[in-house]
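Colleague: Model the full structure from these sequences, guided by the hints.
These protein sequence lines are chains A and B, in that order. Our numbering applies: residue -11 is where the first sequence begins, and numbers increase by one. Our numbering applies: residue 1215 is where the second sequence begins, and numbers increase by one.
A hint or two may mislead.
Unchecked claim - If the Cβ cut is set under 7 Å, some of the chain B residues that face chain A in the computed set are:
id, residue
1, Leu1236
2, Pro1240
3, Gln1242
4, Phe1267
5, Val1270
6, Pro1291
7, Val1296
8, Trp1311
Said to hold, decoys possible - Here are some of the chain A residues that sit facing chain B, going by a computed Cβ distance under 10 Å:
id, residue
9, Leu48
10, Tyr55
11, Ser56
12, Val74
13, Leu77
14, Ala127
15, Arg158
Stated by the list, open to error - Now the in silico label distances, taken between C-beta atoms and shown as ranges:
id, chain 1, residue 1, chain 2, residue 2, range
16, A, Ala10, B, Gly1308, 26 to 34 Å
17, B, Thr1221, A, Gly81, 42 to 50 Å
18, B, Val1296, A, Asp75, 19 to 27 Å
19, A, Gly144, B, Gln1218, 43 to 51 Å
20, B, Lys1278, A, Glu148, 30 to 38 Å
21, B, Glu1255, A, Ala116, 35 to 43 Å
If you're looking for bench data, these hints aren't it; they were derived computationally from the structure. If you're wondering where the values come from, they're calculated on a predicted model, not measured in any experiment. Each residue gets a CB set at the ideal place from its N, CA and C atoms; glycine is no exception.
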Amino acid sequence: LQNESEHDDGSLILRVAEGDVAAYRELVRRHGSSLYHFAVRLTRDSAESEDIVQETFLRLWQRAKDYSPEARVTTWLHRITHNLAVDRLRARGRAEPLSDDEEVPISARQHADLEGQRSREALEAALAHLPERQAAAIALVNFQGLSGREAASVLGVKEEALESLLARGRRTLKTLLSKSLGINFGETG
Amino acid sequence: MKPQTMTIERFNQLLAAYGAKLESWPEQERDAARALVASSEQARTLLLTEANFDGVLAQIELPKLSADFERRLNEIPLRAPVRRWPPFRLLWPGLAWTAAASLGIALGTLSPLGDVSDDVGVDATAQVQTTETDEVLALAAGSLGDLSLEELP
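Modeller: Have a look at this one:
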């Protein structure tokens, strides 16, 4: 093929199913960074995230024929990454993230973590304190560019439930960032 | 068709979940949200306030993959070759030949005609062999009949 980037993800994955290495590498180029970023958001561990992304692409290579065109390729890949990350979190004993209904208490230590950090660092620290499902919802919609419907499909929830996860996650982030950055982000929802 | 309208409460709920980028909102509610923003000062104020928070979130950067990690990802097909079946249409000629050959063998093995012909063959051979033996013995006997016993060694 002259130029892989001219092909959409759907046609590339069909070619991967027939063993086309060039098509596979184009999908790595397009989605590798994004999936790695998503895995880091969930696990907060770069080495583990690399393992998860490798496993995701191994599955893409070996099981491309299982892809159903009802979902976008990026949604399918994010779902695989999410499931692998959740499995690892459970195996690691981080299985019980904070309940989605639980407000994140801001301990003195966390406050100290956030103290002195500005903007992006403060945001990274605040994101790390979110319950896993809220962090995943925010990552999918705000950082990965998935629509609400696609993000709900990745997490296996209805769109209404996703809306709730997003709203609670953003509210928690605002609380944490207001304290660390001294900015009032207002109240919505 | 009458365009959908949106209450300020619903607007606020969606804003709290999806942020100030209306393109991220559920598709079926975007037009009503835009109409509300156009007509409501309160909606515009809420949108601007939420946009400040979106600005903070936007500072998150996608990490670049290290060259080594990207190489490992690209090498997966070499390290994990997959035996793939050719497309089904390419299998048809082979399948047709295999099926025809199998059918022929099965018919040849199981058909009672095969047994009969085998039996006939054996009997016929046996009969031919018997006849030939008799003739040889008869010829031999005839030859011997011309000789006296004394001439025998």
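Colleague: Next step is simple, just say for each hint if it's right about the structure.
Modeller: Hint-by-hint comparison with the structure:
1. Violation of the interface hint for Leu1236 of chain B is found here, the shortest Cβ-Cβ separation to chain A being roughly 12 Å, above the 7 Å cut-off.
2. Nearest Cβ of chain A to the Cβ of Pro1240 of chain B: about 5 Å, under the 7 Å cut. The hint holds.
3. Violation of the interface hint for Gln1242 of chain B is found here, the shortest Cβ-Cβ separation to chain A being roughly 10 Å, above the 7 Å cut-off.
4. The interface hint given for Phe1267 of chain B holds, since its Cβ lies 5 Å from the closest Cβ of chain A, which is under the 7 Å cut-off.
5. This hint holds: Val1270 of chain B has a C-beta 6 Å from the nearest C-beta of chain A, less than the 7 Å allowed.
6. Hint status for Pro1291 of chain B: holds, given a least beta-carbon distance of 5 Å to chain A, under 7 Å.
7. Because the beta carbon of Val1296 of chain B sits about 5 Å from the nearest beta carbon in chain A, less than 7 Å, this interface hint is met.
8. A hinted interface residue such as Trp1311 of chain B counts as satisfied when its beta carbon comes closer than 7 Å to some beta carbon of chain A; here the least separation is about 24 Å, so the hint is violated.
9. Evaluation of the Leu48 of chain A hint against chain B yields a held restraint, the C-beta minimum of about 9 Å falling below 10 Å.
10. Hint status for Tyr55 of chain A: violated, given a least beta-carbon distance of 14 Å to chain B, over 10 Å.
11. Residue-level restraint check for Ser56 of chain A is violated (minimum Cβ-Cβ distance to chain B is 18 Å; threshold 10 Å).
12. For the restraint placing Val74 of chain A at the interface with chain B, the shortest Cβ-Cβ distance is roughly 21 Å, beyond the 10 Å limit, so the hint is violated.
13. The beta carbon of Leu77 of chain A is not positioned within 10 Å of any beta carbon in chain B (closest approach about 20 Å), and the interface hint is therefore violated.
14. Interface hint status for Ala127 of chain A: upheld, as the beta-carbon distance to the closest one in chain B is roughly 9 Å, under 10 Å.
15. Checking Arg158 of chain A against chain B: minimum C-beta separation of about 6 Å stays under 10 Å; hint holds.
16. At roughly 28 Å, the beta carbons of Ala10 of chain A and Gly1308 of chain B sit within the given window of 26 to 34 Å.
17. Range check, Thr1221 of chain B to Gly81 of chain A: Cβ separation about 45 Å, and the 42 to 50 Å hint holds.
18. The given range of 19 to 27 Å is respected by Val1296 of chain B and Asp75 of chain A, whose C-beta atoms sit roughly 23 Å from each other.
19. At about 28 Å, the CB distance of Gly144 of chain A to Gln1218 of chain B disagrees with the hint of 43 to 51 Å.
20. A beta carbon spacing of about 36 Å between Lys1278 of chain B and Glu148 of chain A agrees with the range 30 to 38 Å that was offered as a hint.
21. For Glu1255 of chain B and Ala116 of chain A, the hinted distance range of 35 to 43 Å is satisfied, since their beta carbons lie about 38 Å from each other.
Checked against the numbered hints listed earlier, the structure breaks hints 1, 3, 8, 10, 11, 12, 13 and 19; every other hint is satisfied.
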